[in-house]
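Line by line, the protein sequences give chains A and B.
The end of the first sequence is residue 333 by my numbering, with every number in the run present.
The end of the second sequence is residue 333 by my numbering, with every number in the run present.
In short, the hints are calculated from the structure, not lab data.
Among the hints, erroneous ones may be present.
[Claimed, not checked] Partner residues aside, some chain B positions facing chain A, computed with beta carbon under 10 Å:
#, residue
1, E11
2, V50
3, A62
4, I96
5, T98
Glycine included, C-beta positions come from ideal geometry on N, C-alpha and C.
2 protein chains.
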Amino acid sequence: MKLDPIIILNEKELRENVHLDHSLIDEIEKGFIALSNKEATVPPIMMLPVPKKDGEVDIKSAFVHTMESMAVKIASGFFKNPDIGLPSQSGQMLVISTETGMLQAVLLDNGYLTQIRTAAAGAIAAKFMAKKEVSAVGVFGCGVQSRYQMEALSLVRRFDKIVMFSIDTPERKKAFVDEMKERLNVEVVIAESGEQLVSECDIVVTTTPSRKAYFSPKWLHRGLHITSMGSDAEDKQELYADVFENVDVIACDLISQSTRLGELRAPKEAGYLKDLSCVREIGDIISGRKKGRETDDQITVCDLTGVGVQDTMVAMMAYLIAKDKHIGIEIPR
Amino acid sequence: MKLDPIIILNEKELRENVHLDHSLIDEIEKGFIALSNKEATVPPIMMLPVPKKDGEVDIKSAFVHTMESMAVKIASGFFKNPDIGLPSQSGQMLVISTETGMLQAVLLDNGYLTQIRTAAAGAIAAKFMAKKEVSAVGVFGCGVQSRYQMEALSLVRRFDKIVMFSIDTPERKKAFVDEMKERLNVEVVIAESGEQLVSECDIVVTTTPSRKAYFSPKWLHRGLHITSMGSDAEDKQELYADVFENVDVIACDLISQSTRLGELRAPKEAGYLKDLSCVREIGDIISGRKKGRETDDQITVCDLTGVGVQDTMVAMMAYLIAKDKHIGIEIPR
Chain A
1 MKLDPIIILN EKELRENVHL DHSLIDEIEK GFIALSNKEA TVPPIMMLPV
51 PKKDGEVDIK SAFVHTMESM AVKIASGFFK NPDIGLPSQS GQMLVISTET
101 GMLQAVLLDN GYLTQIRTAA AGAIAAKFMA KKEVSAVGVF GCGVQSRYQM
151 EALSLVRRFD KIVMFSIDTP ERKKAFVDEM KERLNVEVVI AESGEQLVSE
201 CDIVVTTTPS RKAYFSPKWL HRGLHITSMG SDAEDKQELY ADVFENVDVI
251 ACDLISQSTR LGELRAPKEA GYLKDLSCVR EIGDIISGRK KGRETDDQIT
301 VCDLTGVGVQ DTMVAMMAYL IAKDKHIGIE IPR
Chain B
1 MKLDPIIILN EKELRENVHL DHSLIDEIEK GFIALSNKEA TVPPIMMLPV
51 PKKDGEVDIK SAFVHTMESM AVKIASGFFK NPDIGLPSQS GQMLVISTET
101 GMLQAVLLDN GYLTQIRTAA AGAIAAKFMA KKEVSAVGVF GCGVQSRYQM
151 EALSLVRRFD KIVMFSIDTP ERKKAFVDEM KERLNVEVVI AESGEQLVSE
201 CDIVVTTTPS RKAYFSPKWL HRGLHITSMG SDAEDKQELY ADVFENVDVI
251 ACDLISQSTR LGELRAPKEA GYLKDLSCVR EIGDIISGRK KGRETDDQIT
301 VCDLTGVGVQ DTMVAMMAYL IAKDKHIGIE IPR
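Looking at chain A on its own, in the form it has when it is part of the complex (with noise of 0.2 Å):
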């Protein structure tokens, strides 16, 4: 058998070519149903800690056994980093056959990848659990995420109006507001209070690196759909666990790593989520096999910590997107 050459893309011509758009939300949906059908095999993650510069390198990687290559992930978060001069987080895919265990690319990404494959899923939850009309939505936090969060929302829902709450200093809300409103052409406003976003909004999407939790049970209305993005680690939190006691559907995207690392992790600790097969994976409410948002006055939320399928969709994507333009380096073997 003729191998075709290795492929090495770097961050320029990934974010040329690998978008944000509706073939990627079709393609990460195939993935989360891969995993609710146990048609993925999903190692845990590798950690190697560098204490000596606040460091930790992550491999994360999962096979899903229909597809033919699969995505082996390399992620840096340096801390000292911007001390001289270099961005914290840094990292790296590797395209692997699943027909030979050959590599078949290396995408130089820095984290871009990730970022779209987080947001596509953020898109998933909303298709599947958000009131078919809404006015505006909801974003906490201003960072990286929280504006691909609503670029995703905009593939899947209308709206015109984007309220954001956020402890970030002044001219980072700022520059959120003016991207948006470039981006998307809606109205753009920063809200006093978390408990006013909410009020005004019927899709809400976290995305803090908060520790603590702060949003409240009591900010929860008729209607509401509540994409949690932030936490994905055992101290993260960013709704109270009693949220959880007052809501009618609980979804996430991996039921064994959300009660461990995610926003089901307090309620279930506190109690609130005695019977886990309440709570339905994203997966299985995609294919159908479990219902999403049944009618219109439900409140619906969904967690989403991020699973090792959605990079090997999305570097299979970048990876047939390459092959298919002729872009890259190519390297013989």
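Guided by the hints, dock chain B onto chain A, whose structure is given.
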């Protein structure tokens, strides 16, 4: 800080520039010392089985605390590949900076660097544990690693004869003899039996993938050193468990791994290693904290299962050679 470009090296460039030599042995020794000094972080291996192709992708890494880079090795074994004219084994290593977390190099070695770092470990075992003066050396197995082991041994001991025993085909045995004669300029003979081989040799290296013990305690004789390379999985074994009841010095690369996946598993289970404190790690012997061989008539054995620090050391060496010699393809960031 200005970052160096990412370097991509292919197998040919690596074979031409990174060799099994004294400087590699020195680096691997440093890695073993760090391991035994607890100055290395070695997470569990990530394994991704791909049953549809009788395949598996394994990911290994190790952070040696004093080193400026670490390796992440992705190794594939796909045992249906020969049906389509491809090798079963493939793989590559990434070199990641432990200063910034950023990618420095991609080493497309297809297992070559693993072969030479494994051989270097065999040389180290003999260097610290075999008698100084030997005449003949023996090897069980006639594959690629058997050849590298003999080459490695020639760097640390003078010998004029190799005795080999194998159950492989006559053609492959002849190929071993011809190649070893030419490469090392010594006499090379095929033994009639394992017993005969051991009786003639002061150093014996076992490099078979055997799943059934074949090395009998009856074969042991005064002054013998055995380096056991083959066993690296729970179902592999070369030496009978009671060999360990009859030797004077027992060493290995990593006690926790050797007693789980290596030759020390069977004797531990059989009760011959009740006191693990008698087992010495090779890093402790290299650093002088523990003794190797003390007299010429002792019988010594060293089990090597392969550890991630060896990958980190050989990968870092390859990276520094490539930077120094300006080889490989440079990828702008």
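Hint check:
no.: 1; hint: E11; result: 8 Å, holds
no.: 2; hint: V50; result: 5 Å, holds
no.: 3; hint: A62; result: 8 Å, holds
no.: 4; hint: I96; result: 6 Å, holds
no.: 5; hint: T98; result: 5 Å, holds
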